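Novice: One-letter residues, chain by chain:
Number of protein chains: 2
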Amino acid sequence: MPRTRHTAETYIAGIREGDRVMLSQAITLVESARPADRELSNEIIRTLLPETGNSYRVGITGVPGVGKSTFIDAFGTLLCDAGKQVAVLAIDPSSNRTKGSILGDKTRMERLSMNPAAYVRPSPTGGSLGGVARKTRESLLLCEAAGYDIILVETVGVGQSETAVHDMVDMFLLLMLANAGDELQGIKKGIMEMVDMVLINKADGNFAQKARAAKAVYAQALRLFPLQPSGWRPPVMTCSALHNLGLEDIWEKMEAYRDQMQEGPYWQQRRSNQALTWMHDTIRHQLEDMFFSHPEVSKTQAQLETEIGELKISPIQAAEKLLEVWQSAKG
Amino acid sequence: MPRTRHTAETYIAGIREGDRVMLSQAITLVESARPADRELSNEIIRTLLPETGNSYRVGITGVPGVGKSTFIDAFGTLLCDAGKQVAVLAIDPSSNRTKGSILGDKTRMERLSMNPAAYVRPSPTGGSLGGVARKTRESLLLCEAAGYDIILVETVGVGQSETAVHDMVDMFLLLMLANAGDELQGIKKGIMEMVDMVLINKADGNFAQKARAAKAVYAQALRLFPLQPSGWRPPVMTCSALHNLGLEDIWEKMEAYRDQMQEGPYWQQRRSNQALTWMHDTIRHQLEDMFFSHPEVSKTQAQLETEIGELKISPIQAAEKLLEVWQSAKG
Numbered sequence: 001m002p003r004t005r006h007t008a009e010t011y012i013a014g015i016r017e018g019d020r021v022m023l024s025q026a027i028t029l030v031e032s033a034r035p036a037d038r039e040l041s042n043e044i045i046r047t048l049l050p051e052t053g054n055s056y057r058v059g060i061t062g063v064p065g066v067g068k069s070t071f072i073d074a075f076g077t078l079l080c081d082a083g084k085q086v087a088v089l090a091i092d093p094s095s096n097r098t099k100g101s102i103l104g105d106k107t108r109m110e111r112l113s114m115n116p117a118a119y120v121r122p123s124p125t126g127g128s129l130g131g132v133a134r135k136t137r138e139s140l141l142l143c144e145a146a147g148y149d150i151i152l153v154e155t156v157g158v159g160q161s162e163t164a165v166h167d168m169v170d171m172f173l174l175l176m177l178a179n180a181g182d183e184l185q186g187i188k189k190g191i192m193e194m195v196d197m198v199l200i201n202k203a204d205g206n207f208a209q210k211a212r213a214a215k216a217v218y219a220q221a222l223r224l225f226p227l228q229p230s231g232w233r234p235p236v237m238t239c240s241a242l243h244n245l246g247l248e249d250i251w252e253k254m255e256a257y258r259d260q261m262q263e264g265p266y267w268q269q270r271r272s273n274q275a276l277t278w279m280h281d282t283i284r285h286q287l288e289d290m291f292f293s294h295p296e297v298s299k300t301q302a303q304l305e306t307e308i309g310e311l312k313i314s315p316i317q318a319a320e321k322l323l324e325v326w327q328s329a330k331g
Numbered sequence: 001m002p003r004t005r006h007t008a009e010t011y012i013a014g015i016r017e018g019d020r021v022m023l024s025q026a027i028t029l030v031e032s033a034r035p036a037d038r039e040l041s042n043e044i045i046r047t048l049l050p051e052t053g054n055s056y057r058v059g060i061t062g063v064p065g066v067g068k069s070t071f072i073d074a075f076g077t078l079l080c081d082a083g084k085q086v087a088v089l090a091i092d093p094s095s096n097r098t099k100g101s102i103l104g105d106k107t108r109m110e111r112l113s114m115n116p117a118a119y120v121r122p123s124p125t126g127g128s129l130g131g132v133a134r135k136t137r138e139s140l141l142l143c144e145a146a147g148y149d150i151i152l153v154e155t156v157g158v159g160q161s162e163t164a165v166h167d168m169v170d171m172f173l174l175l176m177l178a179n180a181g182d183e184l185q186g187i188k189k190g191i192m193e194m195v196d197m198v199l200i201n202k203a204d205g206n207f208a209q210k211a212r213a214a215k216a217v218y219a220q221a222l223r224l225f226p227l228q229p230s231g232w233r234p235p236v237m238t239c240s241a242l243h244n245l246g247l248e249d250i251w252e253k254m255e256a257y258r259d260q261m262q263e264g265p266y267w268q269q270r271r272s273n274q275a276l277t278w279m280h281d282t283i284r285h286q287l288e289d290m291f292f293s294h295p296e297v298s299k300t301q302a303q304l305e306t307e308i309g310e311l312k313i314s315p316i317q318a319a320e321k322l323l324e325v326w327q328s329a330k331g
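If you're matching them up, the sequences are chains S and W in order. Counted from 1, the first sequence has number 16 at position 16 by this note's numbering; the numbering is strictly sequential. Counted from 1, the second sequence has number 1 at position 1 by this note's numbering; the numbering is strictly sequential.
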């Protein structure tokens with residue numbers, strides 16, 4: 001982490017020129033807990049905000065072992081070869097890596113991280129999901145200002161991190177494996193209803209046949225979900241990231257999706273809704289943090305939760321009591 | 001609405017004796033917006049709380065036209081005939097009926113509302129979902145204290161009302177029709193993942209065949225959702241509420257569900273989790289109400305939302321600004 005700080009103007013000029021070192025350092029400011037860094041990053045973002053919004057924001061989720069890193073490595077490389085500039089971000093609220101351990105993500109995406117048209121940023125370390133998600137969202141804006149065309153945001157699927165990613169992207173991809181018979185392979189509640197496209201990875205060799213069968217099963221399952229307002233029906237596609245199979249078709253379908261959304265009001269609507277959701281969520285998290293971290297509240301909370309368990313007080317009465325404690329402790 | 005109020009002791013004694021007039025009047029207190037009524041109902045609930053928890057709480061949802069009222073009427077009557085005491089509550093945040101228009105719900109459930117073993121309470125009128133849900137949850141506790149064995153909570157599916165009902169019941173039923181080919185018949189996102197049982201209603205005459213086909217489709221679809229921690233796999237059953245077909249099998253399955261949950265820790269765990277969720281949700285709603293209804297906040301909010309749309313400020317920065325406005329207006 002750089003100890004020296006530049007002026008906001010220096011960062012802004014650097015990002016505008018696509019200088020990765022400046023971009024990285026600006027993202028470090030975004031991720032920093034220091035108020036002075038926060039102020040500086042706020043100024044940078046405020047200035048660059050009108051220059052954001054031009055990328056295709058793509059979220060990627062899937063259980064561990066499904067091959068997310070391999071997919072991003074191969075797919076990102078394909079996009080770079082097609083002349084795109086690709087940035088990779090991640091949300092991992094479970095991450096306990098020491099600061100600056102960039103190696104973790106970079107070695108996972110060996111080819112892509114060496115590509116001059118790509119920028120691979122490791123997950124911000126530690127903090128609550130709300131904090132980690134905010135950092136990733138603001139980093140995304142900086143990558144856009146730096147000229148990246150496609151931003152891939154990976155989530156490891158811990159906690160509510162899929163929702164956080166879903167709420168910042170234009171398209172949300174779910175990677176699965178071919179053994180559809182094994183139920184949902186640990187996919188969490190709600191995920192299937194968020195996805196814009198399902199990819200069955202590792203569809204090669206002996207698994208090609210299985211993947212086709214799984215495709216049919218998932219396609220039928222997706223018919224049981226309500227259609228999106230745009231009328232888009234999430235397609236199910238197969239690929240093999242390891243053997244570079246099917247990736248071009250996927251990009252073609254993603255372009256079709258973007259075209260269809262941009263023809264109608266849906267693209268812009270989704271982004272506007274996301275922006276308001278982000279404002280609202282940020283406020284809610286802050287209010288709750290403020291409330292539950294209040295020493296008087298947390299002291300009383302444990303006691304009340306016990307009383308709820310013993311049917312001595314109803315949850316609603318307990319809530320009202322806690323709110324009273326908070327109000328009078330503040331006043 | 002009764003203008004006279006009894007003492008808390010009178011209500012409590014009446015409810016303990018299963019006096020419906022007292023129960024109704026106590027629920028009216030729960031639904032009242034008057035602080036004095038709220039205080040009185042709080043006292044009643046606090047006293048009766050240790051006598052609650054003994055009913056089987058069942059939530060019922062489904063799109064309009066699926067036959068929810070007919071189902072509750074027939075199913076509730078069957079339960080009464082089997083010697084059970086049945087209470088029916090509802091959550092309808094869209095309800096704009098004038099106060100006391102009990103007729104609406106009662107005439108919809110003609111047989112059941114005449115049954116001496118049943119108590120049919122109309123939806124509480126008006127208010128936010130949070131408010132309406134709180135009223136229903138507290139009414140549920142009063143019904144339990146009055147000795148009802150089974151409490152059916154109906155939701156019309158407006159807004160997040162299914163989640164509210166799901167969070168207060170032991171079993172959540174989804175009523176569907178046999179035309180499974182018509183996608184999800186307007187079922188909202190997230191519902192399929194909440195259900196403990198799917199019922200395909202109107203499975204009679206020409207539709208019996210169709211219902212069986214739909215049953216197979218839904219059963220397969222439900223396999224694509226993660227299993228509940230208890231290992232319960234939501235079954236799909238067919239019935240005809242109008243012709244009294246299949247209702248006994250449904251009740252048998254519901255008893256099997258209850259037995260299975262109570263053998264493990266799941267029954268009590270679900271209720272404990274629900275109680276904490278209720279406390280937390282109540283606090284969150286109050287905090288947000290407090291925040292967004294603050295005149296300084298709402299004045300600034302509209303302006304900031306416009307600026308977000310014009311990319312003049314990021315949603316997170318807007319949130320921070322609003323929080324500042326609130327803090328300094330309070331201080």
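Worth flagging that the hints you see were computed from the coordinates, not collected in a lab. On a predicted model such as this, the values are computed, not experimentally measured, just so you know. Hints should not be assumed to be uniformly reliable.
[As the list claims (entries may be wrong)] Beta-carbon label-pair distances, calculated as ranges:
no., chain 1, residue 1, chain 2, residue 2, range
1, S, Ser293, W, Thr4, 42 to 50 Å
2, S, Gln228, W, Thr7, 39 to 47 Å
3, W, Thr7, S, Ser293, 34 to 42 Å
4, S, Pro226, W, Ala256, 27 to 35 Å
5, S, Arg284, W, Arg212, 31 to 39 Å
6, S, Gln268, W, Lys330, 34 to 42 Å
7, S, Trp251, W, Arg38, 26 to 34 Å
8, S, Asp259, W, Arg111, 52 to 60 Å
Note that beta-carbon positions come from the ideal geometry of N, C-alpha and C, so glycine has one too.
Novice: Of the numbered hints stated previously, which ones are contradicted by the structure, given in increasing order?
Specialist: Those not satisfied are hints 2, 5 and 7.
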